[in-house]
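Trainee: If you want the building blocks of each chain, they are given just below.
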Amino acid sequence: MATESLSGRGAARPTRALHAALSGRGAARPTRALERALTQPISRPSAQPLIELRGAGVTYPGQRSPALSAVDLAVRHGELVTLTGPPGSGKSTLLSLVGLLLRPTTGSYLLNGFEVTTLGDKDRTALRGRMMGRVFQRPQLLASRSVLDNVMLPVLYAGVRRPQRANAAAAALERVGMTHRMHTLAGELPAGEQQRVAIARAIAGNPSLLLCDDPTASLDDMAAAEVIGLLVSLHKGSTTVLVATRDQLAAAHSSRSLAVDPGGSGKFAGDFSQ
Amino acid sequence: MIRRRISQPTRLRSADAIGEACTAILVKPARAVVASLGTLLGVAWFVTALGLASTAGAHVTSAFAHRLPTHVWISPKRAGPAPPAVPYPADVQQRLRALHGVIAAGFFWPLRRGRPVVASGPGAARQAPVIAASPGFLAAAAVQLSDGRLFDAWDQAHHAQVCVAGTVAARALGIRTLRKQRTVYIDNVPCVVIGIVSSASGRDSIQRSVMLPSATAIALWGPPDERAGAMPALLILTRPGAASMVARQAPLVLSQDRPDQFLVRLPPGPGPLRGQVISTLNSLFYALGWVSLAIGTLSIASVTWLSVRERSAEFGLRRAVGARRRHIVAHVICESAIVGLIGGLAGASLGVTTIILVARARGWVPVVAPLTVLPAPVAGTAAGIMAGIIPAMFAARIQPAEALTRSLAA
Numbered sequence: 023m024a025t026e027s028l029s030g031r032g033a034a035r036p037t038r039a040l041h042a043a044l045s046g047r048g049a050a051r052p053t054r055a056l057e058r059a060l061t062q063p064i065s066r067p068s069a070q071p072l073i074e075l076r077g078a079g080v081t082y083p084g085q086r087s088p089a090l091s092a093v094d095l096a097v098r099h100g101e102l103v104t105l106t107g108p109p110g111s112g113k114s115t116l117l118s119l120v121g122l123l124l125r126p127t128t129g130s131y132l133l134n135g136f137e138v139t140t141l142g143d144k145d146r147t148a149l150r151g152r153m154m155g156r157v158f159q160r161p162q163l164l165a166s167r168s169v170l171d172n173v174m175l176p177v178l179y180a181g182v183r184r185p186q187r188a189n190a191a192a193a194a195l196e197r198v199g200m201t202h203r204m205h206t207l208a209g210e211l212p213a214g215e216q217q218r219v220a221i222a223r224a225i226a227g228n229p230s231l232l233l234c235d236d237p238t239a240s241l242d243d244m245a246a247a248e249v250i251g252l253l254v255s256l257h258k259g260s261t262t263v264l265v266a267t268r269d270q271l272a273a274a275h276s277s278r279s280l281a282v283d284p285g286g287s288g289k290f291a292g293d294f295s296q
Numbered sequence: 463m464i465r466r467r468i469s470q471p472t473r474l475r476s477a478d479a480i481g482e483a484c485t486a487i488l489v490k491p492a493r494a495v496v497a498s499l500g501t502l503l504g505v506a507w508f509v510t511a512l513g514l515a516s517t518a519g520a521h522v523t524s525a526f527a528h529r530l531p532t533h534v535w536i537s538p539k540r541a542g543p544a545p546p547a548v549p550y551p552a553d554v555q556q557r558l559r560a561l562h563g564v565i566a567a568g569f570f571w572p573l574r575r576g577r578p579v580v581a582s583g584p585g586a587a588r589q590a591p592v593i594a595a596s597p598g599f600l601a602a603a604a605v606q607l608s609d610g611r612l613f614d615a616w617d618q619a620h621h622a623q624v625c626v627a628g629t630v631a632a633r634a635l636g637i638r639t640l641r642k643q644r645t646v647y648i649d650n651v652p653c654v655v656i657g658i659v660s661s662a663s664g665r666d667s668i669q670r671s672v673m674l675p676s677a678t679a680i681a682l683w684g685p686p687d688e689r690a691g692a693m694p695a696l697l698i699l700t701r702p703g704a705a706s707m708v709a710r711q712a713p714l715v716l717s718q719d720r721p722d723q724f725l726v727r728l729p730p731g732p733g734p735l736r737g738q739v740i741s742t743l744n745s746l747f748y749a750l751g752w753v754s755l756a757i758g759t760l761s762i763a764s765v766t767w768l769s770v771r772e773r774s775a776e777f778g779l780r781r782a783v784g785a786r787r788r789h790i791v792a793h794v795i796c797e798s799a800i801v802g803l804i805g806g807l808a809g810a811s812l813g814v815t816t817i818i819l820v821a822r823a824r825g826w827v828p829v830v831a832p833l834t835v836l837p838a839p840v841a842g843t844a845a846g847i848m849a850g851i852i853p854a855m856f857a858a859r860i861q862p863a864e865a866l867t868r869s870l871a872a
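Top to bottom, those sequences are chains D and E. Throughout the first sequence, residue numbering follows my numbering, covering 23 to 296 in sequence. Throughout the second sequence, residue numbering follows my numbering, covering 463 to 872 in sequence.
Keep in mind the hints are simulated off the structure, nothing from the lab. A couple of the hints might just be wrong.
To be verified - Taking beta-carbon pairs under 7 Å as the criterion, some of the chain E residues facing chain D (in silico):
id	residue
1	D478
2	V783
3	R786
Unchecked claim - Far from chain E by the CB rule (all over 12 Å, computed), these chain D residues:
id	residue
4	S87
5	S91
6	P108
7	R268
The beta carbon of each residue, even a glycine, is placed where N, CA and C say it ideally should be.
The shape of chain D in the complex, shown without the other chains (with noise of 0.2 Å):
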């Protein structure tokens, strides 16, 4: 049995043992062979995806030419895979679409190895909570909220305890550098703080996968590389990593960059199957 404690620190992070899980795919019963691919016990690395999208494409209501047609991307656990473009290139509607934020409108999506394009609002809102975390390109803290506060965000959607979620969230406070912000209201830090705050809320519930839409944005270049510090701290105890970014830093640390492009219908130049 896997054992992960809130720091998530220790042992290699296990990945998932989805085999039993895959050949219940394309049952009609999503959530229950779903909750049994991830309730697995993670033993041992797999070779399978945890983010598998096959030919997923987006089209914002109302607009005629998608924002994000047809990709390809598979990205494997603990990998730190970085996105690179231009600005309305569709890095963004990617980590939307990847965070389950958005539906593609083509294509399909595989998560952890199954389906969940067509998942209900409950099971999409259960996996956004319980296995994703996410970094803004704006920190986007409550700012007349504490910096505790701020961090026990998502896990108080987790159903946990006040106690319990405030230990999270300082362990996770801790692990970014600002357990001593810890009841500083979000709205009087510097905004490199705040996005470290903003990280800390990401991971605060453990989440196993992370997603990063330009995090580095608003930041100095000497913030910038705190964060991108953190980022890949993070992802050496083996969480997996999906930035957005135009940080060359954050690129260089990567296992793989992929640049986004924003011509042609196949606005991914690169083969993210591989």
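Assemble chain E onto chain D, guided by the hints.
Mentor: Here is chain E on its own, set in the frame of chain D:
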């Protein structure tokens, strides 16, 4: 050992929902004050209106009480088999006085023997009608004297030949004062005038008549003569407001077998009028209360709506980190309900204060039913919940991907 069950639905503990809502309110106290102001005024008005309605109602009741009927007349019905000469039990006065609300009761009948009543002394014969009455009747008619005394139980027992003259009768008989003894002749029987009436209530005929003790009248002329129409009637004096109840009970006291053989008359009181005045006041106050509560609800709704719009990025964030739509709904409705509760509590306090101040200024006794004040916080909460429904639905529909492109305002 933590086994990860990722697809287990996310949840929001109710204590956490309330806690989050409270924190959100405390973070922006001014907004909560503004939002609750409408409800506060609405609930305050409601409490004030209801409280003033009951206070004013109580006041109107006491004002009208002075004009309530205090006399009940009872007489045997003429129709039907020949009733007994005196259809009342012998102890009728005691029985009636035992009724709650009865001050005095007595019977009387007019003597219509066809013979004039003649005053003694010089001059032409002067006449006045004669009434046989029990001492209780004089008390029930609240007879006040300008001179002399009333006849009493002793006079009754001894068939004393005495009488009391009404003001008009005394003038007609040429009697102004009792400084020297005056005697009138009733059917050639001399009777000493022992009192002159100054005021009496219940019937004008008292002032026009000469009254002598009923026992004396029976001893002299026998029981009242039915066929002459001289049927004995009862006059009951009640406390204010008790007349209608006494009117219902008295026939049963007189005859348990045949309470229907009596004709009961109650002078028309202001009862229906009073009821109309109070119900008009009440319905007006109620209507204004509902209107103001509705305005209060709308004010919470609009402030909550603005707050939700302003915080769409926050709700988008909450959705992104695991809040289900129903969690957002619960969160928003909790907030508006708490604002409503605050408004309800403050409004109830303000309302009670207003009632006391108004009542004090008007010199009324404040009357506030607990049922007016205690549901006020509940009403405020209910208003808050209703106000929160539409904004909550809006908040639940926020698309996180879109909302998060905006910056968090809160």
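Trainee: Checking against the hints above, which ones are violated?
Mentor: When the structure is compared with the hints, none of them turns out to be violated.
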